[in-house]
Structure formats: structure tokens, C-alpha cells
Amino acid sequence: MKKYSVRLTLVFSVLSLILMLFGLGWTIQNQFFSKGASEAIEEKEPVDVDEDKDGKVVVALGDSLTRGTGDDSGKGYIGYLVDELEEKSKEKITIHNFGVKGYRSNQLLDQLKQREIQRKIQSADYILITIGGNDLFQSGQTFLQMDEQKIAQAKESYMKNLEAILKEVRTMNDSAVIFHIGLYNPFIDLNDSKLTTKIVRDWNYDSNQLLDQNEKAVYVPTFDLFQLSVNDYLYTDKFHPNAEGYRLIAERVASLITW
Amino acid sequence: MINLVRNEMLKIVRKKRILIVAGIIAVLVALFTYSQYREIERRLERFGDVDWRTTLQQQIIDTQNRITSSGISDEWKSELQLRIQQQQYYLDNNVNPMEPGAPSFARVFAEHSINLFLPLMIMVVAADIVSSERSAGTVKLLLTRPVKRWRILMSKYITLILSVSTIVVLFGVLSYLISGLIFGYQGWAAPVITGFNVEGNELNTNAVQMIPQWQYLLMEFSLVWFVALIVGTITFMLSVLIRNTPAGMGVMLAALISGAILSNMVSSWEQAKYLFMINLNLTGYLSGQAPPIEGMTLGFSLVVLAVWGLAALIVSFAVFIRQDIY
Numbered sequence: 001m002k003k004y005s006v007r008l009t010l011v012f013s014v015l016s017l018i019l020m021l022f023g024l025g026w027t028i029q030n031q032f033f034s035k036g037a038s039e040a041i042e043e044k045e046p047v048d049v050d051e052d053k054d055g056k057v058v059v060a061l062g063d064s065l066t067r068g069t070g071d072d073s074g075k076g077y078i079g080y081l082v083d084e085l086e087e088k089s090k091e092k093i094t095i096h097n098f099g100v101k102g103y104r105s106n107q108l109l110d111q112l113k114q115r116e117i118q119r120k121i122q123s124a125d126y127i128l129i130t131i132g133g134n135d136l137f138q139s140g141q142t143f144l145q146m147d148e149q150k151i152a153q154a155k156e157s158y159m160k161n162l163e164a165i166l167k168e169v170r171t172m173n174d175s176a177v178i179f180h181i182g183l184y185n186p187f188i189d190l191n192d193s194k195l196t197t198k199i200v201r202d203w204n205y206d207s208n209q210l211l212d213q214n215e216k217a218v219y220v221p222t223f224d225l226f227q228l229s230v231n232d233y234l235y236t237d238k239f240h241p242n243a244e245g246y247r248l249i250a251e252r253v254a255s256l257i258t259w
Numbered sequence: 001m002i003n004l005v006r007n008e009m010l011k012i013v014r015k016k017r018i019l020i021v022a023g024i025i026a027v028l029v030a031l032f033t034y035s036q037y038r039e040i041e042r043r044l045e046r047f048g049d050v051d052w053r054t055t056l057q058q059q060i061i062d063t064q065n066r067i068t069s070s071g072i073s074d075e076w077k078s079e080l081q082l083r084i085q086q087q088q089y090y091l092d093n094n095v096n097p098m099e100p101g102a103p104s105f106a107r108v109f110a111e112h113s114i115n116l117f118l119p120l121m122i123m124v125v126a127a128d129i130v131s132s133e134r135s136a137g138t139v140k141l142l143l144t145r146p147v148k149r150w151r152i153l154m155s156k157y158i159t160l161i162l163s164v165s166t167i168v169v170l171f172g173v174l175s176y177l178i179s180g181l182i183f184g185y186q187g188w189a190a191p192v193i194t195g196f197n198v199e200g201n202e203l204n205t206n207a208v209q210m211i212p213q214w215q216y217l218l219m220e221f222s223l224v225w226f227v228a229l230i231v232g233t234i235t236f237m238l239s240v241l242i243r244n245t246p247a248g249m250g251v252m253l254a255a256l257i258s259g260a261i262l263s264n265m266v267s268s269w270e271q272a273k274y275l276f277m278i279n280l281n282l283t284g285y286l287s288g289q290a291p292p293i294e295g296m297t298l299g300f301s302l303v304v305l306a307v308w309g310l311a312a313l314i315v316s317f318a319v320f321i322r323q324d325i326y
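So the sequences go chain by chain: A and B. Using the UniProt record's numbering, the letters of the first sequence correspond one by one to residues 1 to 259. Using the UniProt record's numbering, the letters of the second sequence correspond one by one to residues 1 to 326.
Note that these hints are calculated values from the structure, not bench results. Mixed in with the good hints, there may be bad ones.
Derived BS3-like pairs (lysine-lysine); straight-line CA-CA distance at most 30 Å [to be verified]:
#1 A:K113 with B:K140
#2 B:K77 with A:K238
#3 A:K101 with A:K167
#4 A:K113 with A:K88
Quick list of the computed label-pair ranges, beta carbon to beta carbon [claimed, not checked]:
#5 B:W76 with A:Q213: 42 to 50 Å
#6 A:P221 with B:V27: 54 to 62 Å
#7 B:S135 with A:V14: 24 to 32 Å
#8 A:E156 with B:K77: 29 to 37 Å
Here a beta-carbon is modelled for each residue, glycine too, at the ideal position from N, C-alpha and C.
Produce the complete structure using the sequences and hints provided.
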């Protein structure tokens, strides 16, 4: 036995050595001397929509509000919304949260070009969008400068993007209900609250009008939720909602979703 | 010479070194297989399905969110940026970067083991290959034979090469066999993308090629083997230079661990790229990770390692032939 084990180890190790040397040669050949690599990639056909889904599919798009920034538990309004829906119904709910902090409307429009995002939108029953906050507030810069012309410009391009977003989503999926969550005014407690409120209201009004032109599209106001005691519902950054604030938004959206 | 090698191999087998190494590898593979399995279960619970596209898309979104958070270093940011681009490329080409199955497990496991775990295993065999003969005094018996000293050392070195090859292949075979129990043994032909080039912060996909996984595995393990061989050679040199086996092991261990730490923080110290321990992560070039120092390429690392290995070999022979043995 002992004699064999030495011989066995020897044979195995010599074979291993040959294999590894061969591999190394191949690697060097492949990595340094092979050309025309691009031809090796063949286009695969795009994948179809998942047909065999069960339960309801919710796709959430947008910015930090969708992501849940400011909520200590990290759920955001999407998380609380799912909790509420699960209480209401026995159906299985799958959520796809594609929100990215800091997204503006043009970035969301870019995101919609990605194939995988499109695939998920195609299979969605409900589509939730929070966008526009960063277009308008620009991390608080807007209301420091109060340049009306700039605000008008921002709104114009935002409206154009939002229209394109809605159109894109519609062409991918003509049956899902789209919810667009409106803006609240996080600066309502500060100076100039009259002016800032007017700007946010105008912004919301235009978004609302645009949503009304689309079928199965709902504008969800949040302005009133934060109007009276904004500081109770804001995170310490005084911009994003806290857990309570998110719960308010979730409740409102939940009451709109029925099946 | 063959008889000398056989004699050396006999010592390795008798000391059961390779068995011990195989045992350690087997235990670790079982451990990681289980944790991976749990991770998949968790995903199933969270997303409702295990469609890899869903997972990958979610990973991209998560990374995008991490990038936008403040207090993240520029370096880390650009590395994350690269990762996003790469994952997007996988998605766009409809290729699963982690095709379920034992071959994928072996691939990822080897990728993570190349710069610390496997070198450590090699050390187990290589560290006392010469020094133990000296501390036990048996080296005198060896040298009194009518065989030239360099031949004796050569036989030891060949034995080391053979053991290194055995360990690397055993590593692959064990991780395949054990993880296959849970993940299944399929996935040899799954496509893998290689040939990403990192240029500054951009991921260059011009030279990208899609190859079947078995080919990728062969390439990857040959690189792992090369690293193991160089680490083995340097340990071999230390074994000749330092009579005390634990001391030699300590030096090597310090070098390896400092390499793992340095790789994460040397990007501003450019000369560090000539250290062998910075260059151990060869498989990173295959999978398209950002190199620890900008401008490092696979060719560069291979050359640096080869030079170190050659130098170590020359030193070992020069010292061993002239050394006084008492």
C-alpha cells in the first residue's frame, strides 16, 4: 500500500504538472497573441417576458425616495407599501426597486434604455415613480439662489423628460397602472415659505396635468402630508422623509392600489 | 535523478503533508458551499425568483446607490464604477456571470484563494523541505552519498514542483466534487466573458471574448499554479537560508499577509508593483478587476513573478552548494 501511494502520487503529480503547463501555454497564447476576439461573441437573442409569474409585480423607479434614504430601517415608502399590501391581500407581491439616490429625470430616462429594466417593466402590474425632487431642489441650491429663470428652465426640461418617461413605460407595458408620487416642500418651515410653496405647487400642478393626459396613470400628492408638521416627518438632513414620513406616503399609495 | 525524486516524494507522502492540505481544502470548500447555498436561499426569499438577471440588476442598482453616498473614496468609487460597467456588459449580452454549478464555484473559489489561501497551503509543503533535514540532522546522511549537492537540491525542487501541481489540481478537483453535491456538476460549457481592459476609470470591452467555462477554468488554474509555483520557490529559498522552519514560515507568512494588505492601499506608491506579493492576483486580470496599481497588466505580473522565482532559485542553489553543513 505504502509503495503504491508514492507511485500514485508521482503519477498524479506529473499529470497535473503537464496539465498546468499546457494551460499556462494556452493562457499566454490566448491573452497575448489571439486576435479577432470580438468575433467570438455571438449575439444572443433577447429574452422574453417572464410568463410564469405568480402574484403581483411592482416596479419602483426613481430617486432617493424610492430608495428609502432617511429611513433608519432602510425600507422607504416601498417597504412600508409592501407591508401594507401584504396585510390587505393574500397574493404574493414581488417588488423590484430600481431607485438610485440622486437620480434626475434625465437619468431615469437613460435607465429605461437598459434591457433588464425594460424586461421587469414589461412584467409589472404596478409602476411607482418618484422623480423630480432633484431636478427642482438640486440639493438645496435652487432655493438659495432663487433664480426664477433657472427654475423655469429646470421645469421645462423635467416636463419633457417626464413625458418621455411615461411614453417609454407605456410602450413597454400598456396595462400596468403608473403612480407618480408628487413632491412635498421640505423647506416649508424656512424663510420664503410662501415663495417656495408656490414653486413646488406649480411644479406639482404641471406634473399632475401631464399624468392626467395618460391613461391608467395616477398622480399621488404628498404635499399636504408634510404641510403642517414638516419637521416631524423629515430625517435629520431636513430633506428626506424619516420612517414616519415614508409610512404616510406608503399609506396613501396603498389605499390607491386595489385588485 | 528519478530515484532521488522518488525518495523525496516518499518523504512528502510519509509526512502526510498533501493529505493534510487536501483535508483543509475539503473542509473549507464544504464551508463555503454551505454559505453560498444559504445566500441563494435568501435571495429566493427576497426576490421571489432566482433569475440571475434580477439579482444582477439589483446588484447594479445597489452599487449605483453606494457610489452616490458621500464619504466614499475616489478609488473605491472608480472600482465600483468598473464593476457596474462589467455587470451591465454581462446583462446586455445575456451571459450569467455566475452560472449555477460546481464549475462556477471552483472558478470563484480559486479567484479568491489565489493570493492568500493557496500560497499558505503551498507553504505547508514547502517550508520545511530543506530546513527540516537540517534541524533533524538527516541532511548529513544525504550529503555523504556520492551524489553532487546540486542534484540533491534539484531533486528536492522537482519534488516541490510536483507537489505544487498536485495541490493545485487537487484544489480544483475537490472544490468541484464537493460543491457539486449541492450545486450540481453541470456548467462546463457555460459562456464566460474575459478580456476586459481597464483603462483609467473606463472599462474597455474591445478585446472582450466569450469562452466556454472549461477553457476559462483551465486558464485560471494554470495562473493559480504559476502563482503557487513562485510562492513555493520563494519559500524553498527561505527553507535553504533559514535553518529554523518556523522562522522561515513566519517570514513568508508576513510577506503574504503584507501583500494582501498592501494591495488595498498602495495605489499611490508605484514602486510597490515590483514586489512579488502585490502581483499574486493573476486571475483578476482574466476576470477584469482593476489592478492594485494602475498600469499593471497580466504580462507585467507574470514577468515580475518569474524574475522573483528565478532569483530565489539561483540564491537557493548558490547557497546550498557552498554552505557548511555541520
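Hints, verified against the model:
| no. | hint | result |
| --- | --- | --- |
| 1 | A:K113 with B:K140 | 74 Å, violated |
| 2 | B:K77 with A:K238 | 26 Å, holds |
| 3 | A:K101 with A:K167 | 23 Å, holds |
| 4 | A:K113 with A:K88 | 34 Å, violated |
| 5 | B:W76 with A:Q213: 42 to 50 Å | 44 Å, holds |
| 6 | A:P221 with B:V27: 54 to 62 Å | 59 Å, holds |
| 7 | B:S135 with A:V14: 24 to 32 Å | 30 Å, holds |
| 8 | A:E156 with B:K77: 29 to 37 Å | 32 Å, holds |
Taken one by one, the earlier hints fail for this structure at numbers 1 and 4, listed in ascending order.
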